Every structure is written in C-alpha cells, then in structure tokens.
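Enquirer: Below are the chains, spelled out letter by letter.
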Amino acid sequence: MNILLLSPELFRADGGIARIMRAYLKGVCDGCGPSGQVDSLVLNDQPGGDPRLSLYSNSRLRRNEACAGSRLRFVTRAVRFARTADLLVCGHLHHLPIALLAQAFHPGLRYSLVAHGIEVWRPYSWLERRALLGAHRILCVSDYTRRQLRRFLPTLAPERLIVVPNTLDPYFADNSTRPFVNSPFIAPRILTVARLATADRYKGIDTLIEALPHLHQLLPLARLRVVGQGDDLPRLRALAASLGVARAVEFTGAVDDETLRAEYETCDLFALPSRREGFGLVYLEAMAHGKPCVGARAGGVPEVINDSVGQLVEYGRVPELAEALAELVRRPRDSEVVRRHAASFAFPVFQRRLAAALS
Amino acid sequence: MCGIAGLISPHVGQAMREEAVTRMVARQAHRGPDDRGMHSEGDATLGMCRLAIIDPAHGHQPMTSPDGRFTVVFNGAIYNYRELQPELAAGGWIFRTNCDTEVLLAAYALKGANCLKLFRGMFAFAIWDAREHTLFAARDSLGIKPLYYAILPDSGLVLASELNALLASNQLPGEIDPAAAGEFLAWFSVPAPHTIYRRTAALLPGHCLRRDSDGRVTTAAWWSLPAPARATGLAGNYHDFVHSLRGQLDDTIRAHSVADVPVGAFLSGGLDSTAVVGLMAKSGATKLKTFSLIFGENGFSEQASARLAAQAIGTDHHEELITGARVASDLPRILAAFDQPTGDGINTWYASQTARQGGVKVALSGLGGDELFGGYPSFRDLPRLNRLLPLWRMLPAGLRGKILRQLQARSTTRSRKLADFLAHGRDLHELASLQRRVLPEQAQLDLLAPEARTQTERLGPFHPLFEEFTAELAGASPVQIISAWELRTYMTDVLLRDSDVFSMAHSLELRVPFVDRTLLEWLWPQPDYFKFDPRVMKRALADATADVVPAAIRQRRKQGFTLPFALWMRQELRPFLEDTFSPASLGACPWLEVSAVTQLWQKFKTTGDTRAWSRVWAVAMLVAFANRRA
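Residue numbers (my numbering), protein chains in the order written: chain H, 1 to 359; chain A, 1 to 630.
Wrong hints could be hidden among the right ones.
Stated by the list, open to error - Derived DEER-like restraints, expressed as beta-carbon distance ranges:
1. H:SER125 x A:GLN408: 18 to 28 Å
2. H:ARG247 x A:GLU521: 53 to 63 Å
3. A:ALA328 x H:SER125: 52 to 62 Å
4. A:GLY401 x H:GLN229: 28 to 38 Å
5. H:GLU159 x A:ARG384: 25 to 35 Å
6. H:ALA197 x A:GLN408: 21 to 31 Å
7. H:GLN229 x A:MET16: 49 to 59 Å
Claimed, not checked - Examples of chain A residues lying across from chain H (beta carbon under 7 Å, computed):
8. ARG458
9. LEU459
10. ALA471
11. ALA474
Said to hold, decoys possible - Partial list, derived from the structure: chain H residues whose beta carbon lies under 10 Å from chain A:
12. THR207
13. GLU210
14. ARG317
15. PRO319
16. ARG352
Because the hints were derived from the structure by calculation, they are not lab data. It should be emphasised that the depicted structure is a prediction, and the values quoted were computed from it without experimental measurement. Where a beta carbon is used, it is the ideal one built from N, C-alpha and C, also for glycine.
With these hints in hand, go ahead and build the complete structure from the sequences.
Expert: Take a look at the structure:
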C-alpha cells in the first residue's frame, strides 16, 4: 500500500504532536507492506532534512518534503503526491480539506485522520463535517477523544472511529535497568513538563504551584521542577513568589531530550494536573522511567493513569492535589509495575494497532 | 426511612467509636424517632435511628444475618420486598421478619453487590462483613436517599445520612470549602460529589462504595441511564404508548403505596401531583389525605386548582396558610434543619410539617414529573437554540462580542441567560448544563474573594460532572439529553436533597413515584415524539391520566411552585436579611467579597427589582449557614 503522511511537524519542535507523528512515520514505513511506499509531507519543518529522520523511517520512505510553513506548497505537493497514494493519513484536523481536495483529483484515494485531542473537541465547520464523514478511518488517541468526535458529529459511523493510543517514542524511552531509587520524606522532587503558554493554562501548572504551600505543611522540603518554556512563565514565577514558594520552584526552561531523560530519572514523581489532555504523552515518558504520576480526572488521562501507577485528582482542587502528591511521596508505587504499565503502550503494540486500523 | 451512621477505623477503640456513632445518630434523631440501635464488630460500629413504616413491630436495626457475618443499617424503602421474598427463601434464607430491611440483607448475603439491581425503591445502606472486614455501601439509582462519607487520615471511614451527623463524629474539621461556596453561588446547591465542607463527599446516585480490609476505599457506578440501543418493546403508535404509560404509572403508584402506616400526598394543584393523587385514588386508596400550601398574596397560590383536584378525586384535603411573618418566625428552625445551604426547599419544609401534623407518616409527591415528561420550557427552547448555534458561530467575532455585551448589559434574567448560552454553549449538552446555572460566571466570580474566585474560575462554567454525564449520554436523543441533565443535576442536587432533608426534619417519609427506575427504564427508550410535544407540555402524562385528572388542570399552563419571597424579603424577612448582610455576619464568610455582597443587598432594597430576589436569598442562605456553623 502506498501511503502519503501529512504532518504539522516532525522535527521542528519537540511537542507531543511532533513526537507522535514521528511514531506514525515509523509505523507506516514499517507497516506499508513489501511493495508499499511512503511519502511524507511536513508543513512546518525546515527543508534540508534532520539526522534523526533515518531513525524513524526505512527504505520504504520514498520522499520526505518539508514545506517551511508554506501552506500553498503543502497543499499543492499533497495533491501531487496523492496521485500515487492509496491512502492519505492526515496528521491534523486542519489537513482534512486537503484530503478532500486530493480525493476530488484522485477519486480512488482513501484518507484517514489522526485525532490527537483538543483540536477535535469542538463543533465542526461544514467543510470539516463533510471531510470527517468521508474519512476511511479516524484514529483517536483515546476513547475520550472518540467520544468527543461522536458528541460533536453524532452521524459519524462508530466503526470508523478507532482508538489507537499514543506510544512512547522508541528512541526516547528509557532502556536502562536501573532500579528505582526513591528518596521520600527527605526532599521529594516533583517534576512537571509542559508548554508554558498563556493559551495552555488548562495544563494546571499554576495549581501545582498553589499546592506547594499545602504540601509544605506535610513535606516541608518538597520541590517542584517545571520543564518548559512559554509566555506564561512570568505569571507563574510571580505566583510562586506571591505564595512564598519561589525557592521551592525551579523553572528549567526548554531542555533537550538527554536533559529531559535526566529530569525523569531524578524526580520522585511526575505531576501534570491538566484539564484537557487528549492522551498525555509525558505521563508515559515518566512512567517509562518508573515514576508514578499525578494527573487530573479529565480528558484522556484516566485511560493512561490508574491507581497502580499514580493518582487522579479533580482539576482545580488544590488541597486535593496537595494530598495526592503527599500520598504518592509517602506511598510510592512499585516502579516495576509502573514501567510495565508504560510498556503496554510501547511502540510494537502501537504498530500492531496502527496496522490493523489502516488495513 | 431512617438515619444511618457508621465509623470504621482500626485506630479508634470500640468505646470511642460507639460514643461517636451515638452522637451521630442523636444529631439525626429526627430522621427516625421510633427506634435506635447500634452494633460494633471488629473495626466497625454502625448505628441508626428508625422511622418505622414497614413491619413496625419488627425490623430493628442494625440487623445481623443469622450466621453473624453481615450487619446492615438501611435508610429507605424497598417497595418490591414482598416479590423478592420467595426467591430469596428458595435460595435458603429463613425470614424472621416481614420487613424490607431483612430482604435487603438476605439479597446481599446471597447475591452480593448484584442484589442492587433487584431493588425497586429508594435506599442508602451500609453492610459490614465481619468475616472479610469490609464495608459495602450503596445509594439508589436516582439519588432519592442521601449518603455522605469522609475518608479519615488514619485510613478510617465515617458515613452518615446527613452531613450534620457526619460532623458530629468529631473526626472532621467542618470547614467550609471556598470552592464549594463558589459552586453554590452558581447552582444554588453544591453539586455532588462535593459538599459544602472540606474533606467530605456525597456518594453519587447509582454508585456503591467498598472499603477493603486494608482501608482502601473505592466507589463505582452500579447503574447508569440506559444506553440508546435499539430497545425492544417500543410503542408502535401514540395510542399504544399512552396505554402502556398508564400501565407503568399504575404500577409505580401501587409500588409506592406499600406501607403499614397511613399514606397521604402533597397536592399542589399542578398536573404532576394531581396525577399522583388521582392514580392513588384509582388504585383503591380510601380516605386519602392530601395537603396544600396556600398564600395570602395574589398570583402565588394554587389553592383553586388544588381544591378542584381534591374535590374531583374526593380526598380529605388540608390547606396550610403560609405568611411572611410565619416564615420569619420559623426561619431559625428551618436553618437548623439545613444540612447544606440551599436556595430552595422551604415549601417542602412546610408541606412536610402540614402532612405530619395531618396524621400521615408517608406522603407521595409529584416530584420528577417535569424531568421525565418534559415539563420545563428548556425541553422546547434548548433544541431550537442548539440549531441556531452554527449560524451564531458564523458571525464575525467582533459582532458576536458586541451582541454579547449588549445582552449582558440588559437587566432581564432572560437576556443574561441567553448571553451565557451564547458565550459558552457549543452543543446541547453544554446548553443543558448551563440551563440550571443560576448566576452567570462573571456575576458568580464578582461575589467571591480573590482566592475563592481563582479556584472557582478554574472550574469553568459547566457542571463539575459534565464529562461524566456527557459520556453517559453518548448517542442520546435531544429529549433524553435535556431530561437526563435535569434528572442528574437540578432534581438530584436540589429537589431530592431538599425533599429528604426537610421531610425528615418532620419525620415524614416522602416518596416520589415518578422518580422510579422501573418507570424510567421503560420510558427512556420510547421515541421522543411520543414523550414530548413542544406545543403541549407534558402531553403524554396528561393523556395517560385523562380519567383521573380534571380537564381544567390538564389544560392549565404550568405554574412554578414559588413562594412570595420577593415581597416578604422587603417586609417580614427584612430584619433577618439586614442582620445576615451585616458586617459582623459577613465576617464569617472570608470567601465572599464583602463589598460586592453588600452592594447586591443594597441594590435589591433600593431598586425594587423583584426579579433579583432569588440570588439575594441564596446568598443570604449561604451566609446564614456559615454563621450557623461559625
């Protein structure tokens, strides 16, 4: 099967969508069959290629073209590349109209959509509705996202909506066999990783900072490390200062993969009490390092975190969040159980699910 | 109907547990003046006070199984207990009483948690398993009977029928939760599972709770609204539908009339209560006593309709005059009965008092008719608005903002409500959730102090269980969606909660035959066009009860059951409100923005805007509640 994969980005940024689209690229290259070929078109990446491309592809990749943010180029190339494709996989809802256009030129073309999360939790325009109804498959990262698609477009055929949970990046996951070293009660280190954008306040980083004074009553030396960059950073710094916990919160800024792995390795637990995660890849990354997680009982997170690997709290309830953090420090989860849970989302599992969904 | 209490803790000795449970039972003694009991075993102590309705001479609780393994405390009534007895007897249980409590105990002993779906009725109960050292508790499917609990820091668990009783255990701080106070301002009740107090929770309707021997507590749903599958047994035409509906209504009335004590009914003169009374009479109830509240003020009393219904059906009808002066005088007692603050429910307090003084121990009410049969305008209006939303979204953002600002600036509640719908609503679920929001988000936030405001703002404009309810309603029809939102929010958090608290304050068992799982499960999958006619509200109910409800009542336009508060608040209740909104009183509410609350009260006094009474009254109830605790 010849597959054309449209991605918003693969290597330009290291956000959740870029990571998962790399997994999709590797998945379609591995699964397109002995006579199949893959074309990859990336909207926001810069031309010139990235040395990591070879990790996520194989000889089935015929071409990978980066459009440097040019939408016109992205559309025209997509229509042209679609001529030899049997299946077009849209990496974002915004690509669906392009798929419709390509199908108009090449009537035999089928197309599928990867539905990540909040971008599909809303009412759709006429064009989006039409494109969604014509999709061969819609690959939802969680059952929650699947339900939201059905909620906002009840006429979607349920059998076309297939849950393919996100996976760990096979080249990011921790492959070490180091035992989980736990240092509770001394100076527990809580890690959070997120884009610190004003538009992403739903991630709940501010609630984590607000939970610190409560947490300090139970664990006076607890510290919070915030990995990420964005325009909300000044507000979060000011919040920490106003609550008198500035010395207990460390903002690291954006970090590379190696440093991020070290952050996961050296924390006691991971927390991201976000209200609107389609899936929450960062929880998987933390769990791959054996770290228990605190998340909010919202979106797709309850499908990733269960009682044996962490704790769920209600979004926005700061005292409850502080208690959950303290509880996980006092009674950490078995790191091997946590790692095994992360392994159930490993790349080979994802690959099998993807192959079944696209067949 | 009873009050139950329990304390399970490996770190509190039996004597101290029994002292605590004695206090808890005493605090809710009004729920059951006929009997009391307590049982301790292992780490657990269970207690209860009983209002004896079925087999009054027997049925003492806590009731223990003959082998000593299971001990139950039970609040409620299992109406089909007689039908269940033969099956359980065949399973090997030898009945010692003719009481529904023993049927519940036998069913749990023989079938475990699977017994819940056998029960038709209202219930909240807890069962201690002395062999496994586990506790199992459950609440009925639609939340008629309450159950509150708290997990203690030492991995203990405390539970009770009322929050006041929970606090009487002295195991909890009893601090008001600022976020819950914020939620109250939005909904005029604190939506379950939250309560007004920190560290306490309400078990959700249709949920059960299990505490394992290691202290781990889990809750899970045992019932949810029927999935929109292609059900069998659907009516083929409207005539068949109405005929079958009548059969279902007769059945639920028969079930809810089971008692060994006198049974009466509330009769407001509306379609729901008249249908209940008419069906009771038709099913053979003789010398039926009915009770109505009347008011001196014009435009509030439904006296004529209630009299017309009572006359036509032939009941022994009692009226009770409620005046502002009487409410002012009774207010301290009413506030003392509050379990949580509420902006509603005073009518139930008086109706229950009237019924109890009128000589009945059980009364039936028409509560739930609007939710089941589409009696609210929202059933008609929200689907229409939902169809317009795509057009609204096509307008330029600037124009939408301008329209919203103009709507928000207008003084009418309707305009502000529309602004709220347009600003936040994206589909029918969101519209239905916003429908029962009383204060728009900004008005709510303005009344809160900064910290509470920040916490409340994060929760967003929708109901806290929005995600859970939308998941439960996946694929549901428009009428089902609105009906479910009404059932799951306003009916559960306001109507049923207030009905339980205020009827039990007078030791009256209030039964709600429309809030019946069997009826609901039959009605739920029936086609929308049979259940709801936008031109004639509650047409199906009216047609199904045409022979027992006078035509004048069937054809009357819906009149909400409201009290003349706007008038009373300017006269008889004014001293109470002046005191409530005084700086000293507001000092007990650090989560309120004192200047904004004072301004709200001053504006109500000076502008004569009678439409604002409900928000002023609800805030007053919150402040008075906090002062009661302070």
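Enquirer: Any CB of chain A closer than 10 Å to the CB of GLU210 (chain H)?
Expert: Status holds, d = 8 Å.
Enquirer: When the nearest CB of chain A is found for ARG352 (chain H), is that gap smaller than 10 Å?
Expert: Check failed: Cβ of ARG352 (chain H) comes no nearer than 27 Å to chain A, outside 10 Å.
Enquirer: Taking 53 to 63 Å as the stated bounds, is the beta-carbon spacing between ARG247 (chain H) and GLU521 (chain A) within them?
Expert: holds (58 Å)
Enquirer: So does GLN229 (chain H) sit 49 to 59 Å from MET16 (chain A), Cβ to Cβ?
Expert: 54 Å Cβ-Cβ, so the 49 to 59 Å window holds.
Enquirer: Holds or violated: 25 to 35 Å for the Cβ distance of GLU159 (chain H) and ARG384 (chain A)?
Expert: holds (32 Å)
Enquirer: Honestly, do SER125 (chain H) and GLN408 (chain A) meet the 18 to 28 Å range at C-beta?
Expert: holds (27 Å)
Enquirer: Classify the hint on ARG317 (chain H) as holds or violated, based on whether any CB of chain A lies nearer than 10 Å to its CB.
Expert: Status holds, d = 7 Å.
Enquirer: How about PRO319 (chain H): closest beta carbon in chain A under 10 Å, or not?
Expert: holds (7 Å)
Enquirer: Take the C-beta atom of GLY401 (chain A) and the C-beta atom of GLN229 (chain H), compute their distance, and say whether it sits inside 28 to 38 Å.
Expert: Given range 28 to 38 Å: holds, Cβ gap about 31 Å.
Enquirer: That 52 to 62 Å hint for ALA328 (chain A) and SER125 (chain H) (C-beta), does it hold up?
Expert: Because 57 Å falls inside the window, the suggested range holds.
Enquirer: Evaluate the given range 21 to 31 Å for the C-beta pair formed by ALA197 (chain H) and GLN408 (chain A).
Expert: Holds, since ALA197 (chain H) and GLN408 (chain A) (Cβ atoms, about 28 Å apart) stay within the stated range.
Enquirer: Next item in the hint list is THR207 (chain H). Is there a CB on chain A closer than 10 Å to its CB?
Expert: OK, holds: THR207 (chain H) within 10 Å of chain A, min 7 Å.
Comparing the model with each earlier hint shows a violation of hint 16 alone; every other hint is respected.
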